[in-house]
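Q: For reference, the chains in residue letters:
Number of protein chains: 4
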Amino acid sequence: MAIMTTTSPAAFLPVLEQIAEEISRTPGRGRPADYIPALAACDPRSFGMALAEPDGTVYGVGEWRQPFSAQSVTKVFTLALDLAREGDELWEHVGREPSGNPFNSLVQLEYENGIPRNPFINAGALVVTDRLQTRTGDAAGELLAFLRAESGNPGLDFDREVAASETAHGARNAALAHFMTSYGNIDNDVPVLLDQYFRQCSIAASCADLALASGFLARHGIRADGSRLLSRSQAKQVNAVMLTCGTYDAAGDFAYRVGLPGKSGVGGGIIAVVPGRCTLCVWSPGLDERGNSVAGVAALDRFTTLTGLSVF
Amino acid sequence: MAIMTTTSPAAFLPVLEQIAEEISRTPGRGRPADYIPALAACDPRSFGMALAEPDGTVYGVGEWRQPFSAQSVTKVFTLALDLAREGDELWEHVGREPSGNPFNSLVQLEYENGIPRNPFINAGALVVTDRLQTRTGDAAGELLAFLRAESGNPGLDFDREVAASETAHGARNAALAHFMTSYGNIDNDVPVLLDQYFRQCSIAASCADLALASGFLARHGIRADGSRLLSRSQAKQVNAVMLTCGTYDAAGDFAYRVGLPGKSGVGGGIIAVVPGRCTLCVWSPGLDERGNSVAGVAALDRFTTLTGLSVF
Amino acid sequence: MAIMTTTSPAAFLPVLEQIAEEISRTPGRGRPADYIPALAACDPRSFGMALAEPDGTVYGVGEWRQPFSAQSVTKVFTLALDLAREGDELWEHVGREPSGNPFNSLVQLEYENGIPRNPFINAGALVVTDRLQTRTGDAAGELLAFLRAESGNPGLDFDREVAASETAHGARNAALAHFMTSYGNIDNDVPVLLDQYFRQCSIAASCADLALASGFLARHGIRADGSRLLSRSQAKQVNAVMLTCGTYDAAGDFAYRVGLPGKSGVGGGIIAVVPGRCTLCVWSPGLDERGNSVAGVAALDRFTTLTGLSVF
Amino acid sequence: MAIMTTTSPAAFLPVLEQIAEEISRTPGRGRPADYIPALAACDPRSFGMALAEPDGTVYGVGEWRQPFSAQSVTKVFTLALDLAREGDELWEHVGREPSGNPFNSLVQLEYENGIPRNPFINAGALVVTDRLQTRTGDAAGELLAFLRAESGNPGLDFDREVAASETAHGARNAALAHFMTSYGNIDNDVPVLLDQYFRQCSIAASCADLALASGFLARHGIRADGSRLLSRSQAKQVNAVMLTCGTYDAAGDFAYRVGLPGKSGVGGGIIAVVPGRCTLCVWSPGLDERGNSVAGVAALDRFTTLTGLSVF
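Residue numbers (my numbering), protein chains in the order written: chain A, 1 to 312; chain B, 1 to 312; chain C, 1 to 312; chain D, 1 to 312.
Okay, chain A solo, but in the shape it has when bound:
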């Protein structure tokens, strides 16, 4: 197997095309999330994949320009936005260790006095959102502005129907927020925090949008406009947290199969980073039992196998 070293424009397009062709012949796709109607209505056969070069070139296959519900994929960006403002103090309020338990678990939170294990489990993302909210007064607005700027897509927006559905089914997250409040680890009122949190989750974006928006992680912290969001060390750290904690209780399996920092969402999206080289976003709404896109993981697995671009 040869490792690709070319960096000519759209160099990986044939690889993406081969992957799309292989995926199209694969029967099983898992099932879309069904806890809210908007997600349940997705066609599990949908598939899109985009790759963004560090210079902003983006290309893709399948439904790579189709917006979908970004959900937990947004947790990466919220983390980066808060880390950029707050720095290491954040880590006194949320850990960076894998959770070793399903993503909603309250158990570990109780044993560790209200400090979530990492920023990508729901409890941790609530803490990060809470802190960004305190610093900005509008965490969701900050996130939206960032995603629009990095993707160059001013039409990117919240999906109010999804946000409303999330709120209506948000008892578990409300429990987490109140629980951490009881430990003094949440500053804002719970209803305000949940509103910010669910609006973030509701953002609709395409593979192209999210691959571009992730670009700062391949560029060691530099935004699309050349300004610095994160220090080189911080960008490395976000990638590390993605690799060890980015795919719920399957982070080890994802590292083992794909070998790239990645973050999934229950909308079926996954972003992945090849540090220094490129970022990817793949979308297919059918999920496995651990909440990760079946075709999405398979596509990324094929990508690192075909290109040799695993970090390992």
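These are computed hints drawn from the structure, not numbers from a lab. Owing to the predicted nature of the structure, the values given are computational and were not obtained by experimental measurement. Be aware that one or more of the hints could be misleading.
To be verified - If you only want the chain D side, here are some residues facing chain C, beta carbon under 10 Å, derived:
| # | residue |
| --- | --- |
| 1 | Arg31 |
| 2 | Ser165 |
| 3 | Ala251 |
| 4 | Gly259 |
Stated by the list, open to error - Cβ-to-Cβ under 8 Å is the rule here; a few derived chain C residues that face chain D:
| # | residue |
| --- | --- |
| 5 | Tyr35 |
| 6 | Arg135 |
| 7 | Gly137 |
| 8 | Phe158 |
| 9 | Arg160 |
| 10 | Gln234 |
| 11 | Ala240 |
| 12 | Thr244 |
| 13 | Gly252 |
| 14 | Gly259 |
| 15 | Pro261 |
Just so it is clear, CB atoms sit at the ideal spot from N, CA and C, and this is done for glycine as well.
Starting from the known structure of chain A, arrange chains B, C and D on it as the hints suggest.
A: Below, chains B, C and D without anything else, positioned relative to chain A:
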């Protein structure tokens, strides 16, 4: 910061020398493990670090030729030896997800019906040893022969005093083994298994030995003599498991700070892999509260910072 | 030791006087609950004890007519009021097993899918209150009316300052309520439920009031006015739940030392039942580390020792 | 319903006969324990029940003279024998709180540093056996001698086949014993302890034997020969532990339904105590999902309903 790209012989020696000098000026070193006398007697000021190039060149600083108790560092090699024989069937008996709990925890084992979370917690290493024992009749002997061959050091050996002490303090591991037996996940008699396991842990080896012995992980599965131990994919997988699970309950922190696949032991040793580039072994017996060498983690942190060789 | 068999009026008064005298000479009293100001302000030297005969005769020692915050002692009455209406269907929504964990634990709730272990842990009391609220539209009002009728004290009332303080410090209970909502085990809106719950806890009543109000448990289900609240079997069941679950994580210890069905509250009150014979209420605000009144448990321990009236 | 107050000889025989008749018409019986052949071979339709008066009169119905495997019922006697020698010091090594978890759970043991919650879960019984072994050199022999003396049955004995089967399937108990050894809470060598423990469990005794042997608990600590085994207070305490912890994870349910101190075994036996009045033993090998005899619990439930002899 420049990223080093040279591959000339001993290219990293100045970096190692700088690290050793910095470490020598650092006061705190943690405390040696004290559960057995042989470990408790170690001087926490001891420090050695070795780097092995893929071609077998090895060099180092400090006490890099001083044998120490390899302890859990050996779990990587036992895993590789069993995986080479058994392939993916192994993963039906041990997981590859981070444990999210202290390394001796029985809790997760109970909730997951006797299947340990990964091969690097004690329960998982017992399973791997048990399976290698079933396939070879002498797991510890296989491991010793492999380490001697890869390091080119025929004097490398078990430390019988350490093995005897481990056995005398082995109640927790005996509990784990009996517990997994009750789930049908251990084949050999518990006393036989524990004898094999503790002999493995007792192996005394130097930084030079272990850096060389890890070389197959930088060479994508190829042994020192050019023969293949693991497939390219399997070597990638072992690195992935090291990154996500290699440093007890601090795997996320290690990935965040160091950004390399690594495996630590309570003897104070840590091995780390720069895939395709080199392997490292650092030793300093003072441990932090999670069981990892304080100076060892600091040295590897400095190494990736100075060279830019983090996988992220 | 003789077992008292007399039933003449005020037969136990000398026993109560002896206990009060002994308690007055005991130095250590524990510390009042300090999570809300109204409880923290209590004098740990306060002590009162009342005994009610089945015929409604009541007498006591110390501050036995001084109102205090009934807190979790009210859980017994809410349970009885709901059980009277709903019968065994209640037990599909709350268990009757000891919790084996501190009284606020979310862990067990998660492992048992939102069904609390028993009606006396906070989660279980929230479920009982929720169900009584659904059936009556005013759970707290029902409880207050019942306590006034049984105690013959029309001045018995909620303490609005305490209720407001509880609400302000109610994050943990809010978490529990939302969490059970996520399992479909709560019917009412969480803020409505919490308001009902905290008003119940806030009720101020004296030892005399609560000893009298517990009388139906000594009379096998018969209220003060001769009407039946619970069947004989249900009254027995409430006593059984009190004995096994009534004193947080110290139920075994309470059974072992006192040997009577009892229910404690963090206000320092404890009620106890001698089935067929009498009911007791003791109050002293200093708590042990498990949340039970130090002098209260000691007084009841002495009572069963002096009278031989333990159920064992 | 009238409460029986007569104490004439065999006064309860008609009640037992009615119960046996009712049980004989009940279809479901649960399933015998199947982890060892000797238990699995039992006929789930078997049923026997015996009642012993404090004066040593014993009578029964059904197969009340048929020996069966006493199993965990013996834990009561071992507890009493150790408590008689050691007194309260025992409670520094084993708790007296309900476990709130299945009877083999290691979780709680880990969180509580090797101190079992109570003497009737397996871990706790191992600790009690270990301590009796240290004090006598032959815990199982002491137990056997006691049971022979109290029952007046010199033929009562260990069942060597059962003990051997238990040992062969004893991995879980071996794990518990090694685990507690690691916390310093076991004094004897694990194989010696397990041999003592399994021999105790293997004792074959009839309902008549066990009802008589329990008599000291109805007689407030006095043995059949009039000598004192336990103080009045200690006898009360053993009854309290039986009520709160005697039927695995169903202690609350047992208290709720039966309302008597009781102790069950997986052989299908249950002993129960009416303090000051009588002791009962019922046997039927079919178990419910929590390990208690289905017909046994039903028979005791009927007994307290028909006689009003619940402690509540």
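Q: Hint by hint, note whether the structure agrees.
A: Hints and how they fare:
no.	hint	verdict
1	Arg31	violated, 22 Å
2	Ser165	violated, 30 Å
3	Ala251	holds, 6 Å
4	Gly259	holds, 6 Å
5	Tyr35	violated, 24 Å
6	Arg135	violated, 22 Å
7	Gly137	violated, 29 Å
8	Phe158	violated, 31 Å
9	Arg160	violated, 35 Å
10	Gln234	violated, 10 Å
11	Ala240	holds, 4 Å
12	Thr244	holds, 5 Å
13	Gly252	holds, 4 Å
14	Gly259	holds, 6 Å
15	Pro261	holds, 7 Å
In summary, the numbered hints that this structure violates are 1, 2, 5, 6, 7, 8, 9, 10.
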